[in-house]
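*Asks:* One-letter residues, chain by chain:
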Amino acid sequence: MKVGITILFFSVSCILKTAIAQTDSLKPDYKSLNEIVVTSNKREVLENRVAVPVQIIKGKTILQAGSLRLKDILQEQAGLYLTNGFGTGVQMQGLNPDYTLILLNGEPLIGRTAGVLDLNRIGLSNIKRIEIVKGPASSLYGSEAMAGVINIITEKPIGKSAQLTARYGFGNPNTGWALPIGQNSFKQSDINFTGNTSFGKMAIRYNLNGFYNDAISFRPYSTDRIPQPIERLSNQVSLEYPIHSKTTFTMLVRDAWDHYKQQFSVNNNGSVSTSYGKEVNHDLNINPVLKHVFNSKVTSTLRLYGSFFRGYQKLSFSDKPDSSYIDDFRQKFYRAENQTDFSFQKHHLTLGAGYISDKAASTRYDNISNEKSNRIGYIFSQHEWEIKKRWVLTSGFRYDHHQLFTAAFSPKLSVKYNLNNKNAFHFSIGRGFKAPDFRQLYLNFTNTAAGGYTVLGAVDAIKVIQQLQANGQILEIKDDFSRLANLNPEYSTGINLGGNIKPHKNLKMEFNFFRNDVSGLIDARQVATKINGGQIFSYININKAFTLGGEINTTLNIRHGFTISAGYQFLNTGDKEEVSKIKKGLIFTRNNDGTSRTLLLSEYRGLAARSTHMANLKGSWEIEKGHFANIRFLYRSGWYVTDKDGNGVYNSGDEKAKGNLIINCATGRKIGKKTMITLGIDNLLNYQDVTYLPNLQGRMIYTSINYTFK
Amino acid sequence: MKTRKLAIIGIVATLIFQACKKEETNNVATPDSGEFGVSVSGKIVTVKNMYADTILGIGAMGPYGAGKFTFFNLSTNSIVPNSDSATTNWDLAFGGTTIRVNNVTSGPGNGGAFVYNGTFDALTAVPADSTFKVDNAPASYAITKGSGKGWYNYDGPNNLVTAIPGRVLVVKTANGKYAKVEILNYYKGGITPSSTASDSTKSYTSRFYKFRYTYQADGSMNF
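Top line first, the protein sequences correspond to chains W and G.
At position 523 of the first sequence (counting the first as 1) the number is 523 in my numbering, and the numbers step up by one without a gap.
Positions in the second sequence are counted from 1; adding 710 to them yields my numbering.
There may be inaccurate statements among the hints.
Within a straight-line C-alpha distance of at most 27 Å, the following computed BS3-like cross-link-like pairs (lysine-lysine) qualify [said to hold, decoys possible]: (1) G:K859 - W:K656; (2) W:K478 - G:K859; (3) W:K156 - W:K60; (4) W:K478 - G:K855; (5) W:K291 - W:K346; (6) W:K576 - G:K859; (7) W:K297 - W:K246; (8) W:K505 - W:K625; (9) W:K625 - W:K710; (10) W:K156 - W:K201; (11) W:K71 - W:K314; (12) W:K187 - W:K60; (13) W:K583 - W:K544; (14) W:K581 - G:K855; (15) W:K544 - G:K859; (16) W:K625 - W:K128; (17) G:K778 - G:K912; (18) W:K346 - W:K388; (19) W:K58 - W:K505; (20) W:K581 - G:K859; (21) W:K581 - G:K843; (22) W:K58 - W:K422; (23) W:K359 - W:K278; (24) W:K670 - W:K58; (25) G:K859 - W:K530; (26) G:K843 - W:K530; (27) W:K314 - W:K372; (28) W:K658 - G:K912; (29) W:K478 - W:K530; (30) W:K583 - G:K859; (31) W:K656 - G:K912; (32) G:K843 - G:K778; (33) G:K887 - G:K855; (34) G:K843 - W:K478; (35) G:K859 - W:K584; (36) W:K422 - W:K389; (37) W:K128 - W:K674; (38) G:K855 - W:K530; (39) W:K128 - W:K160.
Read the hints as simulated data drawn from the structure, not as lab findings.
Please construct the entire structure, taking both the sequences and the accompanying hints into account.
*Replies:* Given below as structure tokens:
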């Protein structure tokens, strides 16, 4: 039904596209260091109190970049690397997507697959700004906030107005520019409607977004369409109701659907079998918030949140018409949290407590009707202390009591030094954690095709293996089996040191150096062997890793609204056990003639799929009000993909995906007072890498029109 | 004027980015002729393209060969006919990724082996505390079967078998003499196909061993 509505919308508006309506009142970045940040301290504070690296992406930036999905805008940030596999994930400070918490107005988005929250699922149609906080933030946000937090902040109801935006884009990756839209081209359309109104004191905003991306086949020897044809539809309602002068009620309801049409062929040893079907994701978030200001010193906020996710996939097979594959995953997440803030002259105290109920059921677990559940109770506290005007010392902790595993204690200490109103420096050290997820606890998956191996979640593994052992079906139990009973959260310690400096009134620089030490990383290891030789794997805490690097972002305002910004990140990573083995001379590689030799530490390249260098350069031109042009150069260096010499580590001789440069540009102009037209080209160089970046479509030309009803 | 500025910035940026694109040089080896061959250089014997139940076709159950091992004698540096499989004329037998020694379930000899972690050149003698294992098919083999356990790694997503560097097969021959063996490659021509090659190419060029060994004829444990 919802999909039907989507199709209807697209058929009406196939010539047009969407962007976000934003007011032009936002001041450019360079004018002030003192922006308001909400994510870093879990309350509204001025930037001069923020002692951790924060990056803010404004709605206007998103609009002018022509970004539609969260993926589009995050890939234009120097410190963020987007991963392929189970959707598009984000790697922050060199840590996997599992370790970045993604929030919508401060509440976690759910529905991760293999630890990855697909960034394509999140539309940018109703977004005011995005705040990216780097470094561990578990002292305020708990599990998953190990590398950092991305908080998407939705637009609030604004007066009485309505906007309609429609966008249409297309491309032809094989021939580059060829205009006729035919068999080999792909099409993308997006339509967006926003309406603001009020009933008495209650202000309401409604946003509807529909997105369609057709796809083409450009993989050699394959008819598969990658990415697959996708339809997305989302409805969002936000309301704001001042109950009385000191009490405000706000609520966001977001309902989002994704529908993927799937058809792909698998060449199984010469015989081609085609699978076809669909994948449907449904995401519902309900977030009522009650805020009460007791007096100038005390404010209390009650947040309630319910989130429901379902991912459903059904595939049928051309060679086995009678059978089908169904994958069903359902998650329900409920949270209640109270936060009370006490403000004194030089002190600010934040106290909070909350309760989470997280439930999941899946065909990938033992039985879909057997719902798994975890309950978490937590408290947190943060104290900000302003010392001699220039220093702000922030200390805090959070304690999470889990039903299923050991409690996690996450302290954090940070210092901000404001040298003057132009230059400021910060240092922070904190502990982050990620609790084992349902997959790591309850997965029950047997691959009958490839040698009959089984992967079991840590909780199920003990039960299942003991049962099999009682039936005499276990050949051997590995040493790692004994470690299953104690599956613990993964922990990290993160250090960030940096500053914001303004050498000239038009030049602003932000830099940050970071190091994260992660221990108890969960990995799948063999824990038992069945009589028939089948291996049984499960999850245990095993690896220790580190990531370290530096990031610098510079904004230069030239004049006449012309701004250049540049960003760069250097990253070095490693697995501590691998490093120790290399130092002991236990890892080898091959010479050109194929003979073996000891691997040198200088040849070690750390964790897979990390770009050492990432950079961007952006030129943005605000010609006059409502008339803009920009060009963005996005570069990332190559990353290791295959352990070619089979020594178990990534070293300089291994196979690497090529580094790449992507150029995007856009221009927009206001016509009259109500209409805005935008024209843009994404991936101007038509860069493609079908092997390692299968989801990167070729050059796309798009145009959008935005109309404001007043 | 402003457009020109933009263009200049664009060009400069492109140059900077291109300059950053220094690629690391990968080890590139050239394939040999693909024919079976044995060459001797001092104490080291190198065997190329030794077929080990090579792929005849690809069926519903996957690629298949004739199901026959290739038997090799380390003292004569030659292949032994399959009719001699029940004799002590062979020391190692190769079939797919399985390598057998001449003992217990595999043959009438006094053979054995174990996998040593280290380089071929650095191994100058059989370590004193070594234990030679024997074949007890199908439960266990002297040279342990399976990815990451014996001499090779199997990369499932890319469907490639790679000989693990720094693994030496320390072998006791059918007649109780000692040899050290290093498997160099598993593919025809001594070159592992690219990960992006077709599965058919990967199958048909597999099961061609390239290995080198030193055989100690005097019965001592020194190489």
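*Asks:* All hints are to be evaluated individually against the structure, with a verdict given for each.
*Replies:* Each hint tested on the structure:
1. Our distance criterion of 27 Å between C-alpha atoms is met by K859 of chain G and K656 of chain W, whose separation comes to about 26 Å.
2. A distance of roughly 14 Å separates the Cα atoms of K478 of chain W and K859 of chain G; the hinted pair therefore holds under the 27 Å criterion.
3. For the hint linking K156 of chain W to K60 of chain W, the alpha-carbon distance of about 15 Å falls within 27 Å, and the restraint holds.
4. As the CA atoms of K478 of chain W and K855 of chain G are separated by approximately 17 Å, the hinted pair is consistent with the 27 Å bound.
5. At roughly 23 Å between alpha-carbon atoms, K291 of chain W and K346 of chain W fall within 27 Å of each other, so this suggested pair holds.
6. Taking the CA atoms of K576 of chain W and K859 of chain G, the gap is near 22 Å; set against the 27 Å cutoff, the hint holds.
7. At most 27 Å may separate the alpha-carbon atoms for a hinted pair to count; K297 of chain W and K246 of chain W meet this at roughly 13 Å.
8. The hinted pair formed by K505 of chain W and K625 of chain W meets the criterion: a straight-line CA distance of about 22 Å does not exceed 27 Å.
9. For the proposed pair K625 of chain W and K710 of chain W, the alpha carbon gap of about 19 Å is at most 27 Å, so the pair holds.
10. Proximity of K156 of chain W to K201 of chain W is assessed by CA-CA distance (about 14 Å); at most 27 Å being required, the pair is judged to hold.
11. For the suggested pair K71 of chain W and K314 of chain W, the alpha carbons sit about 26 Å apart, so the restraint of at most 27 Å is met.
12. Between K187 of chain W and K60 of chain W, the direct Cα distance comes to roughly 25 Å. Compliance with the 27 Å bound is thereby established for this hinted pair.
13. For the given pair, K583 of chain W sits about 16 Å from K544 of chain W by alpha-carbon distance, which is consistent with the 27 Å threshold.
14. Our distance criterion of 27 Å between C-alpha atoms is met by K581 of chain W and K855 of chain G, whose separation comes to about 23 Å.
15. The suggested pairing of K544 of chain W with K859 of chain G holds, with an alpha-carbon distance near 22 Å, which does not exceed 27 Å.
16. Among the hinted pairs, K625 of chain W with K128 of chain W is consistent with the structure: their alpha-carbon atoms are about 19 Å apart, no more than 27 Å.
17. Using a Cα cut-off of 27 Å, the hinted pair K778 of chain G and K912 of chain G holds, with the two alpha carbons roughly 20 Å apart.
18. At roughly 9 Å between alpha-carbon atoms, K346 of chain W and K388 of chain W fall within 27 Å of each other, so this suggested pair holds.
19. Of the pairs offered as hints, the one joining K58 of chain W and K505 of chain W holds, with about 21 Å between alpha carbons and a cut-off of 27 Å not exceeded.
20. Of the supplied pair hints, the one linking K581 of chain W and K859 of chain G holds, its CA atoms being roughly 17 Å apart against a limit of 27 Å.
21. Restraint check for K581 of chain W and K843 of chain G: satisfied, since their Cα atoms lie roughly 26 Å apart, inside the 27 Å limit.
22. With a C-alpha separation of about 21 Å, the suggested pairing of K58 of chain W with K422 of chain W holds against the 27 Å cut-off.
23. A hinted pair counts as satisfied when its Cα atoms are at most 27 Å apart, and K359 of chain W with K278 of chain W qualifies at roughly 25 Å.
24. In summary, the hint linking K670 of chain W to K58 of chain W is supported, as the alpha carbons are separated by about 20 Å, within the 27 Å threshold.
25. Of the pairs offered as hints, the one joining K859 of chain G and K530 of chain W holds, with about 17 Å between alpha carbons and a cut-off of 27 Å not exceeded.
26. Simply put, K843 of chain G and K530 of chain W have alpha-carbon atoms about 23 Å apart, close enough for the 27 Å limit, and the pair holds.
27. Taken as a hint, the K314 of chain W and K372 of chain W pair is honoured in the structure, with Cα atoms around 22 Å apart against an allowance of 27 Å.
28. For the hint linking K658 of chain W to K912 of chain G, the alpha-carbon distance of about 23 Å falls within 27 Å, and the restraint holds.
29. Only pairs whose Cα atoms come within 27 Å are accepted, and K478 of chain W paired with K530 of chain W is accepted, the gap being roughly 11 Å.
30. The hinted pair formed by K583 of chain W and K859 of chain G meets the criterion: a straight-line CA distance of about 22 Å does not exceed 27 Å.
31. Distance restraint check for K656 of chain W and K912 of chain G: the Cα-Cα separation of roughly 20 Å lies within the 27 Å cut-off, and the hinted pair is therefore satisfied.
32. The straight-line distance between the Cα atoms of K843 of chain G and K778 of chain G is roughly 23 Å, inside the 27 Å bound, and the hint therefore holds.
33. Distance hint between K887 of chain G and K855 of chain G is fulfilled; the C-alpha atoms sit about 23 Å from each other, no more than 27 Å.
34. The suggested pairing of K843 of chain G with K478 of chain W holds, with an alpha-carbon distance near 20 Å, which does not exceed 27 Å.
35. Proximity of K859 of chain G to K584 of chain W is assessed by CA-CA distance (about 20 Å); at most 27 Å being required, the pair is judged to hold.
36. With a C-alpha separation of about 14 Å, the suggested pairing of K422 of chain W with K389 of chain W holds against the 27 Å cut-off.
37. A distance of roughly 20 Å separates the Cα atoms of K128 of chain W and K674 of chain W; the hinted pair therefore holds under the 27 Å criterion.
38. Distance check on the hinted pair: K855 of chain G and K530 of chain W sit about 16 Å apart at the alpha-carbon level, within 27 Å; holds.
39. For the suggested pair K128 of chain W and K160 of chain W, the alpha carbons sit about 17 Å apart, so the restraint of at most 27 Å is met.
Of the numbered hints listed earlier, not one is contradicted by the structure.
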